[in-house]
Amino acid sequence: MSTTWQPVCPLDALVPDRGAAALVTGPGGEPAQVALFRLSSGDLHAVGHRDPFSGANVIARGLVGSAGEVPVVISPLHKQAFDLRSGAALDDPEVSLGTWDVRVVDGQVEVRAR
Amino acid sequence: MSKRTLAVVGAGMVAHRLVEALVERGATTEWDIEVFGEESRPPYDRVALTSFFTLRDPDELLLGDRGLWRTTGVRLHRSSPVDAIDPAAGTLTTHGRRVRYDAAVLATGSSATVPPVRGADAEGCFVYRTVDDVAELRAWVNERSGRAGGRPARGVVVGGGLLGLEAAGALTQLGAETTVVELSDRLMPLQVDAGGGEALRRLVEELEVRVLTGTASTEVVTGRNGRVKALRTDGPTLDTDVVVFATGVRPRDELARAAGLEVHERGGVLADEACRTSAEGVYVIGEAAHVAGRTWGLVGPGYAMAEVVADRLLGGDARFEGADPSTKLKLLGVDVASFGDAFGRTDGSLEVVYSDPVAGLYKKLVMSDDASELLGGVLIGDASAYTSLRPMVGRPLGVDPTAWLLPDGVEPPGSGDLPDDAVVCSCNNVAAGQIRSAVCDAGCTDLAGVKACSRAGTSCGSCVPLVKRLMDAELEAAGVTIDRGLCEHFSVTRAELYEIVRITGLTRFSEIIGRHGTGHGCDICRPVVASILASLGRGHVLDDENAALQDTNDHVMANLQKDGTYSVVPRIPGGEITPDGLIAIGEVARAFGLYTKITGGQRIDLFGARIEQLPQIWERLVDAGFESGHAYGKALRTVKSCVGSTWCRYGVQDSVGLAIALELRYRGLRSPHKIKLGVSGCARECAEARSKDIGVIASEKGWNLYVGGNGGFTPRHAQLFAEDLTTEELVRTIDRILQYYVRTADRLQRTAPWLEEVGIEHVREVVLEDSLGIGAELDAMMARHVEGYEDEWAATLRDPAKLAVFASYVNAPGTADPDLAYLEERGQRRPAGPVLVAGPSIPVGKP
Ligand code: SRM
Ligand SMILES: Cc1cc2nc3c(=O)[nH]c(=O)nc-3n(C[C@H](O)[C@H](O)[C@H](O)COP(=O)(O)OP(=O)(O)OC[C@H]3O[C@@H](n4cnc5c(N)ncnc54)[C@H](O)[C@@H]3O)c2cc1C
Ligand code: SF4
Ligand code: FES
Numbered sequence: 088m089s090t091t092w093q094p095v096c097p098l099d100a101l102v103p104d105r106g107a108a109a110l111v112t113g114p115g116g117e118p119a120q121v122a123l124f125r126l127s128s129g130d131l132h133a134v135g136h137r138d139p140f141s142g143a144n145v146i147a148r149g150l151v152g153s154a155g156e157v158p159v160v161i162s163p164l165h166k167q168a169f170d171l172r173s174g175a176a177l178d179d180p181e182v183s184l185g186t187w188d189v190r191v192v193d194g195q196v197e198v199r200a201r
Numbered sequence: 002m003s004k005r006t007l008a009v010v011g012a013g014m015v016a017h018r019l020v021e022a023l024v025e026r027g028a029t030t031e032w033d034i035e036v037f038g039e040e041s042r043p044p045y046d047r048v049a050l051t052s053f054f055t056l057r058d059p060d061e062l063l064l065g066d067r068g069l070w071r072t073t074g075v076r077l078h079r080s081s082p083v084d085a086i087d088p089a090a091g092t093l094t095t096h097g098r099r100v101r102y103d104a105a106v107l108a109t110g111s112s113a114t115v116p117p118v119r120g121a122d123a124e125g126c127f128v129y130r131t132v133d134d135v136a137e138l139r140a141w142v143n144e145r146s147g148r149a150g151g152r153p154a155r156g157v158v159v160g161g162g163l164l165g166l167e168a169a170g171a172l173t174q175l176g177a178e179t180t181v182v183e184l185s186d187r188l189m190p191l192q193v194d195a196g197g198g199e200a201l202r203r204l205v206e207e208l209e210v211r212v213l214t215g216t217a218s219t220e221v222v223t224g225r226n227g228r229v230k231a232l233r234t235d236g237p238t239l240d241t242d243v244v245v246f247a248t249g250v251r252p253r254d255e256l257a258r259a260a261g262l263e264v265h266e267r268g269g270v271l272a273d274e275a276c277r278t279s280a281e282g283v284y285v286i287g288e289a290a291h292v293a294g295r296t297w298g299l300v301g302p303g304y305a306m307a308e309v310v311a312d313r314l315l316g317g318d319a320r321f322e323g324a325d326p327s328t329k330l331k332l333l334g335v336d337v338a339s340f341g342d343a344f345g346r347t348d349g350s351l352e353v354v355y356s357d358p359v360a361g362l363y364k365k366l367v368m369s370d371d372a373s374e375l376l377g378g379v380l381i382g383d384a385s386a387y388t389s390l391r392p393m394v395g396r397p398l399g400v401d402p403t404a405w406l407l408p409d410g411v412e413p414p415g416s417g418d419l420p421d422d423a424v425v426c427s428c429n430n431v432a433a434g435q436i437r438s439a440v441c442d443a444g445c446t447d448l449a450g451v452k453a454c455s456r457a458g459t460s461c462g463s464c465v466p467l468v469k470r471l472m473d474a475e476l477e478a479a480g481v482t483i484d485r486g487l488c489e490h491f492s493v494t495r496a497e498l499y500e501i502v503r504i505t506g507l508t509r510f511s512e513i514i515g516r517h518g519t520g521h522g523c524d525i526c527r528p529v530v531a532s533i534l535a536s537l538g539r540g541h542v543l544d545d546e547n548a549a550l551q552d553t554n555d556h557v558m559a560n561l562q563k564d565g566t567y568s569v570v571p572r573i574p575g576g577e578i579t580p581d582g583l584i585a586i587g588e589v590a591r592a593f594g595l596y597t598k599i600t601g602g603q604r605i606d607l608f609g610a611r612i613e614q615l616p617q618i619w620e621r622l623v624d625a626g627f628e629s630g631h632a633y634g635k636a637l638r639t640v641k642s643c644v645g646s647t648w649c650r651y652g653v654q655d656s657v658g659l660a661i662a663l664e665l666r667y668r669g670l671r672s673p674h675k676i677k678l679g680v681s682g683c684a685r686e687c688a689e690a691r692s693k694d695i696g697v698i699a700s701e702k703g704w705n706l707y708v709g710g711n712g713g714f715t716p717r718h719a720q721l722f723a724e725d726l727t728t729e730e731l732v733r734t735i736d737r738i739l740q741y742y743v744r745t746a747d748r749l750q751r752t753a754p755w756l757e758e759v760g761i762e763h764v765r766e767v768v769l770e771d772s773l774g775i776g777a778e779l780d781a782m783m784a785r786h787v788e789g790y791e792d793e794w795a796a797t798l799r800d801p802a803k804l805a806v807f808a809s810y811v812n813a814p815g816t817a818d819p820d821l822a823y824l825e826e827r828g829q830r831r832p833a834g835p836v837l838v839a840g841p842s843i844p845v846g847k848p
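Sequence order for the protein chains is G and F.
Everything in the first sequence is counted per the working numbering, starting at 88 for the first residue and increasing by one.
Everything in the second sequence is counted per the working numbering, starting at 2 for the first residue and increasing by one.
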């Protein structure tokens, strides 16, 4: 049941190229935190808000940018870059933020656990 | 095979270089090196002797890496004068003990000569050669000033040459009214011609030093107590408390004479091109030597001799065939340079002279008879062209010589065409070719590497800009694109980007990266652009697109901590805070359960604030009269102060008042890295100003300004930039230094490495003499900064749109992060995790 779409916020609430965190329900019904990114290109990404390297919930506060063609978010704590599409850390593909499906319905952003 | 013993007599500058060269070349596997020095200190930088007055610690003058004297196989015997040497037996004597040697090097330097003036040995007569000399001189002058009942001490320097002007500078620094008496018709007769001497006199007189040329000193008159009272000359009689003799030096060849070695009739131990004396196994180097037809009163040729002897001792065949006697000095703050055939003695030579008595400039180039080749020159008042001109001596200049002399003359031609054998660093005798080979053969890719590998630029530093130009040209030619680019998105440097943004007036990241970069940016270029926009006063950190450029610290105007919460640091200018202020901060901390700590920057940090609490915390702090302290920004941090003259019994100026004024002036200034200042009320330096980017230390007459200090990973002491400034002069000087730093430094480059790269001399010229003609512009930029400043916290609180940033969750804006957990420790809370597996634990007694 938690793998259904969960509405989060209006698209307008997301500032381009800046992240926002949201409290949602995880696949097993547990509380979870996602980091949403609306890029100036128009793309929307949802990844885990928890920084796997430090354990702190901070990913939505990282800077976004590009590494070559890869859209990335950079952890504000110790500056590791993560691929926004796959959640994987660029320098350590074993480590991942985890990703969520994300879509916009009637101007509302919705996410779904994968 | 047992090791041989090398005895070095004298532990001065040149002896130091000899030992350094030997150790570097691994000579200690063959030789035990025993160095005997008469002075009580390890070798120090005599050239910089006058800076003794501004150093806190004479040890700062010591040369090189002190580890040198702990190298196995090297022993330094201080306070050990050598009394005799017996080349036939291969022994020398010190403290009555005989020491056997296999080879000996005399590096005994020179002694200051005292002219045959009656009474020259009276109490209050000094020479100027060693640290002990200047320390005694200082003590004497200070004592005299104390006794004179308010009247400044008076001093006379006999001798108007290089040393005499150094000594005059020292006396004025000590606050004495100073007169220089010179026998010849001009100052610095050995280095400059009549026109240059005249310009120099005007500049020196402007500094309130009286100059008497063409005047012979005849007698030192003493009072009943046997102390100096006046100096009689063939002109006026000068009342004085102290006389410094600086009439010349004489090689210390007395040991050699006594041992029967050949010496020159005018002094100096005679030596051949290998620096070998007439006695088997005995070499001579430095000022003590008479080699290649003369004695050499400069350190550069001495270093060259040291290298020759090091090579010879290791079986090489290096030769000393003379050296470049060019000099560039700053005497009493006046630039003086003389190089090549400064007097135009070459047959048919032509002189091109530029003289501006009002501005105090005199520049002369000596050219070959067809005006094509540069033979030498004299530069007074502005010697900035020296570095580029000196290596061109004996070569065609390429452009019209006058272009070099006019104040707004041509940009010096590139260094690319400098021939390989042109000497670039005269202190260390390094030619252009050696710098090129440091890059292409030894693989050095930065200035530090080239300096270490070639030694160029490691002494007086005047050649550093040229060394850098050569290095860059070589790197570029080698196809190494010296990637000075900021990151993968910008191929320009931070300084170039600053210029682009300044000139184009662009204010949006998307436009800047669209026109001048590629991709979408990253955690390097985004904050750099944000910082440049902020330095140029283009809006609040959260305005429009800017918001997406800021690191989380700048974005939320607080410092991110390891658990995702933030710390809050209100500004406490100069560290001064009222009891009410302290209480207000305490109340805020209590209300929000924040951990509090006094920082290293004399203020209070409140830790553990959640992102959604920040505006509420600021609101209370702003109400109590506080503002953002920018602890998060690459910006002005703190101006640390000591209590100063308002309370301290030693203080000579109001250091707290100045610190507060400076902090309020520069608060909010965004820069390539953080900037810290310090102000101390007297030379005891309780504010540790010399460990700050900008340090100010009160003097009796005003403020001394230091630049380029920091703590951190590579601690640096700030260097003296200017002395005895009035508050107004001080502020203007700091304004310009900071604006020039903001404009030209690299990303995350603090002032010390920046200064090293651009050269303190260059910054002085830009700031104090406006050599680039941008002074007014820098002043205006700072004025605009001061005027445009507003507290970022208060501005954010006023704008509901900006407050959206501080939602913890977009769908639950005021909810605390449920994962945060705390423990109590020493009466305050701290993050519970991640748990330290093996944290430090120091047992202490139970209270
Ligand atoms: C809070 C404080 C320690 C304390 O509890 O005393 C502190 C804390 C931090 N310092 Fe510091 N420094 C603090 C005084 C100092 C001092 C002492 C001083 O200012 O007199 C120094 C040495 C002096 C200097 O800067 O030259 C200092 C040298 C550094 C450095 C090394 C800089 C360098 O040039 O090598 C860093 C690293 C950096 O900036 O890259 C650093 C970086 C940091 C950072 C930003 C590290 C980080 O990224 O988390 C810390 C965050 C501050 C926070 O969370 O609030 N901190 N730091 C001090 C805040 C002073 C203030 O009131 O603003
Ligand atoms: C104020 C001042 C400013 C100067 N400015 C410049 C400048 O700008 N540029 C420049 O090139 N040069 C300058 N010089 C000159 C420069 O300092 C000397 O050329 C250089 O120090 C010479 O080095 P040295 O090792 O030969 O002699 P020194 O550095 O004088 O060392 C000789 C050492 O040997 C010791 N000694 C002598 N006899 C004995 C003995 N029998 N036993 C044991 N020890 C003994 C002496 O005590 C001394 O410590 C300046 C000098 C002074 C004083
Ligand atoms: S630096 Fe001088 S004035 Fe300031 S507190 Fe220390 S002793 Fe007093
Ligand atoms: S010329 Fe003095 S260090 Fe190079």
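Hints should not be assumed to be uniformly reliable.
[Unchecked claim] Below, a list of computed lysine to aspartate or glutamate pairs in the EDC-like style, where the Cα atoms sit at most 20 Å apart: (1) Lys803/F - Asp188/G; (2) Lys166/G - Glu757/F; (3) Lys329/F - Glu489/F; (4) Lys4/F - Asp133/F; (5) Lys331/F - Asp194/F; (6) Lys329/F - Glu757/F.
[Said to hold, decoys possible] Just a sample of chain F residues kept apart from chain G, beta carbon distances all over 10 Å, derived: (7) Lys4; (8) Glu25; (9) Gly176; (10) Ala259; (11) His490; (12) Asp624; (13) Ala805.
Hints in this document: simulated from the structure, not taken from any laboratory.
Cβ atoms here follow ideal geometry from the backbone N, Cα and C, with glycine treated the same way.
Each hint, compared with the structure:
1. Lys803/F - Asp188/G: Roughly 29 Å between the alpha carbons, so the hint for Lys803/F and Asp188/G is violated.
2. Lys166/G - Glu757/F: Violated, at roughly 29 Å.
3. Lys329/F - Glu489/F: violated, 42 Å
4. Lys4/F - Asp133/F: Judged against 20 Å, a Cα distance of about 36 Å means the pair is violated.
5. Lys331/F - Asp194/F: At roughly 17 Å apart (the allowed maximum being 20 Å), Asp194/F and Lys331/F satisfy the hint.
6. Lys329/F - Glu757/F: holds, 19 Å
7. Lys4: With a cut-off of 10 Å, Lys4/F remains clear of chain G, as the shortest Cβ separation is near 52 Å.
8. Glu25: Glu25/F is indeed farther than 10 Å from all Cβ atoms of chain G, at 39 Å.
9. Gly176: At about 53 Å from chain G, Gly176/F clears the 10 Å cut-off, so the statement holds.
10. Ala259: Since the minimum Cβ distance to chain G is about 69 Å, Ala259/F lies beyond 10 Å and the statement holds.
11. His490: violated, 8 Å
12. Asp624: holds, 27 Å
13. Ala805: Label violated. Min Cβ-Cβ 8 Å, cutoff 10 Å.
Consistency with the previously given hints fails for numbers 1, 2, 3, 4, 11 and 13, ordered from lowest to highest.
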